[in-house]
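Novice: Chain A is already provided as a structure; the job is to place chains B and C on it using the hints.
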Amino acid sequence: MSNDRWNWRGAASSVTVTAALLAGWAVVTTLGWVSPVFLPSPQATAQALAEGLREGDLLALAWGTVERMVYGWVLASLIGMALGALIGSSPVLRAWLQPMLELVRPLPASALTPVFIALIGLSPAMVLLVIAFGAMWPVLLSTVHGFAAVEPRLSEVAEVLQLSRREFIVKIGLPNALPDALAGMRLSLTIALILAIVGEMLASQPGLGTAIVMAARSFRAAELFAGVALLGLIGFVSNALLGAVERRLLRWQR
Amino acid sequence: MTGPTPLRRWRGGVLPLLLLIAAEWCLHGVQSDALAPPTRVLASLWEGLRDGTLLGASAQTLLAAIGGLAIGGGLGLLMGLWLGLARHAAAAAALSIELLRPLPSMALAPIAMLVFGFGYRLELFVVAFTCFFPMLLLTQAAVRSVEPRLLEVAQVLSLNVGQRAAKIVLPAALPRVFVAFRLSVGIALVVAVTTEIATNPQGLGYALIAAQQALAPERMLALLVWVGLLGWGLSAGLLALERRWFRQGASV
Amino acid sequence: MKSSAATTRVQLVPAMHDGSAPAAKPTLPLIVFDKVALDFGARRVINALSFEMQRGEFVCVVGPSGCGKTTLLRLLTGLVKPSGGEVRRDGHPVAGPARDVAIVFQDYAKALLPWRTVAGNVSLALEAARTPKSERAARIAALLQKVGLAAHADKFPTQLSGGMQQRLQIARCLAQEPALLLMDEPFGALDAMTRQSLQDEMLQLVREAGTTVLFITHDLEEAIYLGDTVLALRANPGEASSLARSFEVGLTRPRNQLATREDPEFLRLRRLAFDYLQEHH
Numbered sequence: 111m112s113n114d115r116w117n118w119r120g121a122a123s124s125v126t127v128t129a130a131l132l133a134g135w136a137v138v139t140t141l142g143w144v145s146p147v148f149l150p151s152p153q154a155t156a157q158a159l160a161e162g163l164r165e166g167d168l169l170a171l172a173w174g175t176v177e178r179m180v181y182g183w184v185l186a187s188l189i190g191m192a193l194g195a196l197i198g199s200s201p202v203l204r205a206w207l208q209p210m211l212e213l214v215r216p217l218p219a220s221a222l223t224p225v226f227i228a229l230i231g232l233s234p235a236m237v238l239l240v241i242a243f244g245a246m247w248p249v250l251l252s253t254v255h256g257f258a259a260v261e262p263r264l265s266e267v268a269e270v271l272q273l274s275r276r277e278f279i280v281k282i283g284l285p286n287a288l289p290d291a292l293a294g295m296r297l298s299l300t301i302a303l304i305l306a307i308v309g310e311m312l313a314s315q316p317g318l319g320t321a322i323v324m325a326a327r328s329f330r331a332a333e334l335f336a337g338v339a340l341l342g343l344i345g346f347v348s349n350a351l352l353g354a355v356e357r358r359l360l361r362w363q364r
Numbered sequence: 021m022t023g024p025t026p027l028r029r030w031r032g033g034v035l036p037l038l039l040l041i042a043a044e045w046c047l048h049g050v051q052s053d054a055l056a057p058p059t060r061v062l063a064s065l066w067e068g069l070r071d072g073t074l075l076g077a078s079a080q081t082l083l084a085a086i087g088g089l090a091i092g093g094g095l096g097l098l099m100g101l102w103l104g105l106a107r108h109a110a111a112a113a114a115l116s117i118e119l120l121r122p123l124p125s126m127a128l129a130p131i132a133m134l135v136f137g138f139g140y141r142l143e144l145f146v147v148a149f150t151c152f153f154p155m156l157l158l159t160q161a162a163v164r165s166v167e168p169r170l171l172e173v174a175q176v177l178s179l180n181v182g183q184r185a186a187k188i189v190l191p192a193a194l195p196r197v198f199v200a201f202r203l204s205v206g207i208a209l210v211v212a213v214t215t216e217i218a219t220n221p222q223g224l225g226y227a228l229i230a231a232q233q234a235l236a237p238e239r240m241l242a243l244l245v246w247v248g249l250l251g252w253g254l255s256a257g258l259l260a261l262e263r264r265w266f267r268q269g270a271s272v
Numbered sequence: 005m006k007s008s009a010a011t012t013r014v015q016l017v018p019a020m021h022d023g024s025a026p027a028a029k030p031t032l033p034l035i036v037f038d039k040v041a042l043d044f045g046a047r048r049v050i051n052a053l054s055f056e057m058q059r060g061e062f063v064c065v066v067g068p069s070g071c072g073k074t075t076l077l078r079l080l081t082g083l084v085k086p087s088g089g090e091v092r093r094d095g096h097p098v099a100g101p102a103r104d105v106a107i108v109f110q111d112y113a114k115a116l117l118p119w120r121t122v123a124g125n126v127s128l129a130l131e132a133a134r135t136p137k138s139e140r141a142a143r144i145a146a147l148l149q150k151v152g153l154a155a156h157a158d159k160f161p162t163q164l165s166g167g168m169q170q171r172l173q174i175a176r177c178l179a180q181e182p183a184l185l186l187m188d189e190p191f192g193a194l195d196a197m198t199r200q201s202l203q204d205e206m207l208q209l210v211r212e213a214g215t216t217v218l219f220i221t222h223d224l225e226e227a228i229y230l231g232d233t234v235l236a237l238r239a240n241p242g243e244a245s246s247l248a249r250s251f252e253v254g255l256t257r258p259r260n261q262l263a264t265r266e267d268p269e270f271l272r273l274r275r276l277a278f279d280y281l282q283e284h285h
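So the sequences go chain by chain: A, B and C.
So the first sequence is numbered by this note's numbering: it starts at 111 and just counts up by one.
So the second sequence is numbered by this note's numbering: it starts at 21 and just counts up by one.
So the third sequence is numbered by this note's numbering: it starts at 5 and just counts up by one.
One chain only, chain A, in its complex shape (with noise of 0.2 angstroms):
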C-alpha cells in the first residue's frame, strides 16, 4: 500500500471509486448484458455467500484453506528463518550455497509448486509440507540477505566490544534481518494461499478450492463468485493482518 499520509479525501474517493465498480458491476447485470451462467449479479453472490455460511458448510471449508494456509506458512517462515539466519551470518556458508540459492531466486516460489507436486505427490499428509517448501523460498532468501546486508560498522562495534557469535546473531543480526525477513514473510502468506488452494483442487482435499471447482462444474455460478470473494477476502484480511505487526514491529523505522 502507498505510505501516503492518510487523508480523509483520498480514503472517501478510493471508496467512491470501489462502490461505483461494484454498481457497475450490479448495472451490467440487470441490463443482461452478459449471461448470468457467466456473471452472476452482486445481489446473487451477496446471497449466496449468506446462504453457504449460514446453512451451508461454507464456513468449514474455508476454515480448513485457512488452517493448511496458516500452518504452512508458519511452518515455512520459521524454517525460512532458521535457515536464513544459519546461511546469511556465515560468509563460509554462503561462499558455498550463494550461487545455487541465485539459480532459484529468480523462479517464484510458487514455480516449485509443479516441482513438489510430482515429487512428493498430494496424499493429504504431504500437503502441508508442500505449502511450507513452496512458500519457505521469499523468507529464506530475504531472510539471507537481511543477515549479510548488516552495516560493517556494526560489525566493527560488534567485534570492539568482542560479542560473541550467538550474541551478535540475536543482538544484532536477527533485528537488523526483520525488516527484510518481515516483506519475505508477507511474499509467503501469498504464495501459502496459493498452494493451499493449488493443493486442495489437485488433492481433491475439502476446503475453499475444492468448493469453488464444484460450484464451477456444476455451472452454480452465483456460489462459484461467492467463494472467489470469500477468498479473496481471507487474503485481504491476513495480508493487513500481517501490515499492522510489521508495522508495530518495525516502529524504529519511523
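Read the hints as simulated data drawn from the structure, not as lab findings.
The structure presented is a predicted model; accordingly, all values stated were derived computationally and were not measured.
Here a beta-carbon is modelled for each residue, glycine too, at the ideal position from N, C-alpha and C.
Mixed in with the good hints there might be a few duds.
Now the in silico label distances, taken between C-beta atoms and shown as ranges [said to hold, decoys possible]:
1. A:F346 / C:A99: 49 to 59 angstroms
2. C:D43 / B:G182: 56 to 66 angstroms
3. A:W135 / B:G137: 16 to 26 angstroms
4. B:L179 / A:W143: 38 to 48 angstroms
5. B:G139 / A:G166: 24 to 34 angstroms
6. B:L55 / C:K159: 49 to 59 angstroms
7. A:E277 / C:S138: 12 to 22 angstroms
8. B:R107 / A:A130: 12 to 22 angstroms
9. A:V280 / C:S138: 16 to 26 angstroms
10. C:D43 / B:L39: 37 to 47 angstroms
11. C:S138 / A:S265: 22 to 32 angstroms
Specialist: Just chains B and C now, with coordinates in the frame of chain A:
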C-alpha cells in the same frame, strides 16, 4: 570479489554437483515410481529435444506465457504509469486494488473456465490476471521513486506534462520498470505451466503431470529440469540485457 | 614528548601517598607505536611511525587525507595488523580488540542500533561486558545524565539530531569504562555550535575518568584546543617516517572556547600548524 584460484570461483557449484553424484549413485538401477537417476533424466531430456516434442510443448507454453504477459503486463504497465503520475487517481484506486489483488489467480481459473471453456484463452486469461497486479504495483512504485530533486528541476525548467513524462519521469523509472518486467516474465512462465496442468494438453504442464501419472519419473523430472532451465535462461538473459542497458541500474 | 620535564601540562598521574609533589617520574606508557608500517597491497600507507602515549594523555592526530589517520585507530583496536613494527599496549603487542578500548566512529548513525532505544544502545556495551542485570539500569541512567540525554532515554536514534546521536555513541563507549578512547573525526559531521559544546563536554568527561584519548581530526584548531600533544602525519611517506611533526600543547586546563583560543600560546601553535599545512599541501 573472489580469489584467483579456480576452486574459489566455482565453489558455488560444488554442492549441487555433489548432490547430483549422490543421487546418481543411490538411484542407479533402482526401480522407482517417483525418482530417477540423473543420467536417465538427462537421456530423456535429450530424447525429448531430439524428437521435437519438448520444443513443441515449450513453444505452446511460452506463447501462452508471453501472450498473457503482453496483455496483463501491458495493461498493468499502462495503469501503473498513469497511477504513478496522477496522485489523486492513485488514491482513488487504492482500495479497489487492495481488494482485488489478493485473489489468487488459480481461483479465477474456474471462473475463466465458465467463460472461455477449456483451451487457450483460459490460460491466457489466468496468466494475464496474475501478471497485471505485480506490473501495476511495481511500475507505480518505479514512477513514484523518481528522485524528487529531478522533478523540481523539471518545474524550474517549466516543462509541460508531456515533456516531464518523456524527458524525466520515464527515463528515470525505466530501470525499475525493466526489473518489474523481468520478474513478471518468471511469474508468467510459472503460472502458464501450472495452469496447463489441468487445461492445455499441448503444454509443458500437462505433459509434466501426464508423465507423473504414467509413472515415468525420468520424463517427469526431465520436464521439470527443462522448465527450470527455461525460467532461468529467460531470467539470466533479461538480467544481462538489464546490465547492458542500465549499467548502474537497480537489480533485485 | 615524554622526556621533557618542564611543561605546564597537568599531570594526571595520582599524587604520592606521602603528600610530596608528583615528580616527573617516567611512568610506563600505555601505548607504544614502535616503527609501525602498514601496506595496502603495494602501497605503503604508514611508514616508520613511532610515538608513545601516557596514561591520561589526550593525543590529537592531524594530517591530509590518505596519511593513514583512520588506519591508525584500527591498528590500536587490533582490527588491522601492522605490516611492520609493533603496536604495544601496556607492554604487550596488540592482538585483537579489548573490552576497555572504545572507538567512536565518525558516521555515528551507522554505528548505532536503529531498532533499540537510546537506553537500549547504551545497554549493549553493558551486556557485552556481562554487567549484572540489576546494575544496568542505574549505570545507563548515570551515563545518559552525563551526556545530557536522560530525557530521551526511550527515543529511537532516528528521532534524535546528529549531535544527540553522537552523544549517544559517546555514552555507549563510556559504558565500556575504557582505558583508551579512540575517536575518529567524531565531530566532523556536526555544525559548528554543536561541535563546540561537544568538545567541552567531552573534555570534561575524559578528565573526570582519567581516560587516555586518541583523537583524529582534520581541523588543526580543534586539535590544538583539545589535545596535550598533536601529531601531524604526512601522506605518501616514502622512505621517511609518517610522523612529520609533533607539537606539545602547553595550554592550561580546563580549556575555554574563548579564552584559550585567544591565548598567545594557542596563536603561536596555530601559526606553527598553519606553516606545516603550507609545506604539506
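Novice: Does each hint fit the structure? Answer for all of them.
Specialist: Results for each hint:
no.: 1; hint: A:F346 / C:A99: 49 to 59 angstroms; in the structure: 58 angstroms, holds
no.: 2; hint: C:D43 / B:G182: 56 to 66 angstroms; in the structure: 58 angstroms, holds
no.: 3; hint: A:W135 / B:G137: 16 to 26 angstroms; in the structure: 23 angstroms, holds
no.: 4; hint: B:L179 / A:W143: 38 to 48 angstroms; in the structure: 43 angstroms, holds
no.: 5; hint: B:G139 / A:G166: 24 to 34 angstroms; in the structure: 31 angstroms, holds
no.: 6; hint: B:L55 / C:K159: 49 to 59 angstroms; in the structure: 58 angstroms, holds
no.: 7; hint: A:E277 / C:S138: 12 to 22 angstroms; in the structure: 20 angstroms, holds
no.: 8; hint: B:R107 / A:A130: 12 to 22 angstroms; in the structure: 19 angstroms, holds
no.: 9; hint: A:V280 / C:S138: 16 to 26 angstroms; in the structure: 21 angstroms, holds
no.: 10; hint: C:D43 / B:L39: 37 to 47 angstroms; in the structure: 42 angstroms, holds
no.: 11; hint: C:S138 / A:S265: 22 to 32 angstroms; in the structure: 30 angstroms, holds
The structure fails none of the hints (numbered hints given earlier).
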